[in-house]
Amino acid sequence: NAGVMQNPRHLVRRRGQEARLRCSPMKGHSHVYWYRQLPEEGLKFMVYLQKENIIDESGMPKERFSAEFPKEGPSILRIQQVVRGDSAAYFCASSPPGHTDTQYFGPGTRLTVL
Amino acid sequence: AQSVTQLDSQVPVFEEAPVELRCNYSSSVSVYLFWYVQYPNQGLQLLLKYLSGSTLVKGINGFEAEFNKSQTSFHLRKPSVHISDTAEYFCAVSLDYGQNFVFGPGTRLSVLP
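Chains U and V, in that order, are what the protein sequence lines are. Take the first sequence: its letter number 78 is residue 78 in the numbering used here, and every next letter is one higher. Take the second sequence: its letter number 44 is residue 44 in the numbering used here, and every next letter is one higher.
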């Protein structure tokens, strides 16, 4: 059973471009979470999704950021018009139905905005 | 709102020595508590968690943590560390059974030969 997969592992974008980060949860997991880790800081919760539904987006910036978890395919975190302050590691986690207390984390995507 | 404090940003310790990584939290309601470990260039792995019951929780790799409600602490301990324990350790709290974690800033444990 493969773990949580994220791609790309490293992403470089220039200011103003779009960044699309993908997360494939573990097999059988229907809950996906996105976190952002700024340098020298802990992870900050961004958004919690189930298939085709956003359950909690209280940690998402109000502008430029969006997330989806379609019925088929990976979850996508999309950042439009990136700025230097978006440079961070973005981690995805997944959990099975009824077990949201145990989240399995992917290796992360390191976004660098030039 | 909850918050998590990890007072030690870095902890160097010699191999086979004991270690304690401190975690304090603030919350006006009951919380669930977690410790995660992050090895270089990897995602987080769950070490242990406290949901209810016994305040002494045993986790993987020989780690344990004790929940102290009066001191709002959840310190992580290991009686004898190995070089392979070198990693970043994060304490986290959650109000609602695992959703919407709040993480501490992390403690970098360096085990020296």
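It is worth saying that the hints were derived from the structure and are not from the lab. Quick caveat: nothing in here was measured; it's all calculated off a predicted structure. Mixed in with the good hints there might be a few duds.
Below, computed lysine to any residue pairings styled on SDA-like, alpha-carbon distance capped at 20 Å [unchecked claim]: (1) U:44 to V:25; (2) V:69 to V:51; (3) V:49 to U:97; (4) U:44 to V:9; (5) V:58 to U:104; (6) U:27 to V:46; (7) V:49 to U:104; (8) U:44 to V:95.
ask   = What hint numbers does the structure not satisfy?
value = No numbers; nothing is violated.
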